[in-house]
Amino acid sequence: MATLADTKPVAMADLKGKVDPDWCPGCGDFGVLAAVQKALVELQIPNHNVVTISGIGCSSNFPGFINTYGMHTLHGRALAVAAGVKLANHDLTVLVTGGDGDGFGIGGNHFVHNMRRNVDLLYIVMDNQIYGLTTGQTSPTSRIGMKTKSMPFGNIEAPVNPISLALAAGATFVARAFSAEQKHLTELIKQGIRHKGFSFLDVFSPCVTYNHDNTYQWFRPRVKKLEDDPAYDPSDWMAAMGKSLLWDEQIPIGKFFERTDLPSLHEAEPVLNAGPLVHADPRIPLDLARSFVEELM
Amino acid sequence: MRQTFAVGIGGAAGQGVATPGDIFAKIFSRRGLHLNAYNAYQSIIRGGHTFLTIRCGPERVTNMGDRLDLLIPLNQDAMDRHLGLLTDGAACVYNSDTIKPGVPADGVGLFPLPVSKLADITRNKVAQNTLAVGAGLSMMGIGFQALEEVLTEQFNKKGEAVVSENIGIARIGYDYATVNFRPFAWPLPMTGNRYAVISGNIAMAMGGAAAGVKFYCAYPMSPSTGVLHWMAAHARKAGIMVRQVEDEIGVVNMAIGAAHAGVRSMCATSGGGFALMSEGLGLSAMMETPVVVIDCQRAGPSTGVPTKTEQGDLWQMLGAAFGDYPRAIAAPLDIGDCFTIIPEIFNIADRFQCPGIVLCDLLLSEGRLSVDPKDLDFAPVIDRGELITTASSEPNGDGVYKRYKITESGVSPRAIPGVPGYTHTAASDEHEEDGVLISDEFTNPTKRRAMMEKRMRKVAGIEAAAPPPVLWGPRDAEVTLIGWGSTKGVIEEACEILTEQGISANQLQIRWLVPLHGDAILDILKGTRHTIIVENNYSGQFARYLRSETSFVPDGHIRKYDGEPFMPHHIVEAVKEQLSGKSKLSVPAHEILV
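If you're matching them up, the sequences are chains A and B in order. The first sequence: position 111 = 111 (this note's numbering), numbered continuously. Quick note: to get this note's numbering, add 1000 to the position in the second sequence (first position is 1).
Calculated directly from the structure, the hints in this document are not laboratory data.
In silico DSS-like cross-links for lysine-lysine, where the CA-CA straight-line distance does not exceed 25 Å:
#	chain 1	residue 1	chain 2	residue 2
1	B	Lys-1402	A	Lys-8
2	A	Lys-16	B	Lys-1402
3	B	Lys-1447	A	Lys-16
4	B	Lys-1157	B	Lys-1125
5	A	Lys-38	A	Lys-183
6	B	Lys-1526	B	Lys-1584
Kindly generate the complete structure, drawing on both the sequences and the hints.
Take a look at the structure:
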């Protein structure tokens, strides 16, 4: 249904939230918010057709800072809620935003299963390798040796590798960005939204308050864009897996992997052939109902 | 006393207890007889012991009853366990090649079938079952054609040869019994009625379809899985999205997501899965997104007894999720009510934008009942409440849509994503009218109080929307039996038996647990003479709840927590014991051992 709101070009001002972010000054999440707004403007997606869904944590406050439909759900559950939203109305653009603790820790099960389902959404993890809102504890992506309030003598547990995990779980778009690389980040967000299927975007989003190991200064000389290597082929899953294992001196960012030959979940479900569920008649035809009862007679 | 006839079939899982059960059920319902079937089984796919009771009669049959008329043991174990249950006039038909009978009570007929002489058992492994079904029907005075019809349907998919082989074997059993076995004194009557035979799980699934559920998701868990199976099998025809999810946390959150996007959304589980959903119920309440969750209770705690019934989850429901929030909790009274309650609770959940919980149990979920198709209303009232689905209406307030607008009813018009002009964020954190969080930087005690009071004002609306309970039976009865949910049928029959035996009894059966209608209940109980609360759990969960809400203390309790449902005589005997002053707490022992 075309309305006046649809015909007016989407501008940055349309996407400004009711309140300003309360993140610490210098937080990497500011860059992610700006890049998402910019991507939506560049793609000209009206804000009422976007649902931004988060869990709990600093970065999960995201939906309150952008003017789209938003859901600020439970810790770790954003992807489960988002899958329900998308399946009920697949005309909506679904963005899921959150942190590494929310997504890879408490929400790990939903992370794995919604990737294999290929739910059509963009999942942006603002990965700061620490729990911020609970004032600095070890996260699933904290490196070995990192000292935090919960592991004051240094982390002895191996971190999860979100890129390898996403590749193994069957995500059809897997990318990594750095919050300080705005243009590159915005481009990946646009690609992730356009991709028909589960798009995973892990963003290094430094926590300036609690993570003193993985800072902007630490990342800057290390991150290397995959796009700068003309020989890199993001349709090659094995190559992507190989790149995902790199850390320390050379940390790849950019699009690791994309495949477009698989249907997303809503495309694979024949029940949705007639259009989004939300527009369906709630009543089932009475002759069909009668046939259901006949089966039991 | 209602005239009924009950068949019991016992054997090991995998021995084919279900098929003869289905055949009897179909034949009874097609004769226009009411029936009630209950399967006592174990959590095992092959082996163990399972015992199916099918009770039928020309009037409503509300429970498994006290008496078995025909026992068909499919192995020695079943014979040994159950022969002792038979009383005068009952019969046992068994395979005399493999089973040795015990010593029956006086007047019980033992009817051996020489199976290997009657059928080629090397060709047909379940020949004994088919012979016994044929023999049983002959003894009941039912014409063979009814069996021929049902067998044809049953085996049609396997081809003409299998159909005729089974009909042939059944005919031999039928004729053998006609010549050699004593017919039952009461030939099964026939009426002009036609009934559907449905389980509570199928009833709740169909009730969902009737209510306009468009999204159903679940994680398999006994005894709720039947809802998933019906939904999955009928999803494409009915236009319902059905998903199997990784865990129950994912289930409830996915259901909430779909509901938030604007469709009616439902899920079902049992106690363990419900425990995982608890936090999600709070999300539904706080975001004011309606969702309906079915809990099919089984014996707990923990994994408990997965294949046995109990009413042990009440306090889990009452305590589910933290904080105070409006919700509705309803316990269907019988299998037909499993259908009816779904559209009702959806209307309440939608109107008051809150979670609705259906507190069912294994007895109803997996039991089967004959239901008049006219009672399955596929065009019930669908009230979606104050839902904004198009941009045509004006945003409320001063041009800025307030999703959580403070209103007198506590209900704020709900816009679904996709509608231009109504963007907002729904949050699990406490929030202002426009959705902005007041849980952190904007913390404000005045606003927090206002939002709590707004949400909790919905409680009064919910109370008015759900009907209060009524007393069944004579007002001045000697004893009043109070039950909730699935015990309705068995208590009703116990009241009838007590009345026949000279003890007048009436019944107060609770369907809506939240809202409880405490004042209405107290009003009813004011005039009663001796009150006994009957429930399928150890601690008297409903008795404790009723006391906490109303200060009412009954004269006595009848409780059962052995995994099996009440039989009428359990209640009758306990009532007599309590009226004579021997006890205030009766715990009947279950005689059918599975």
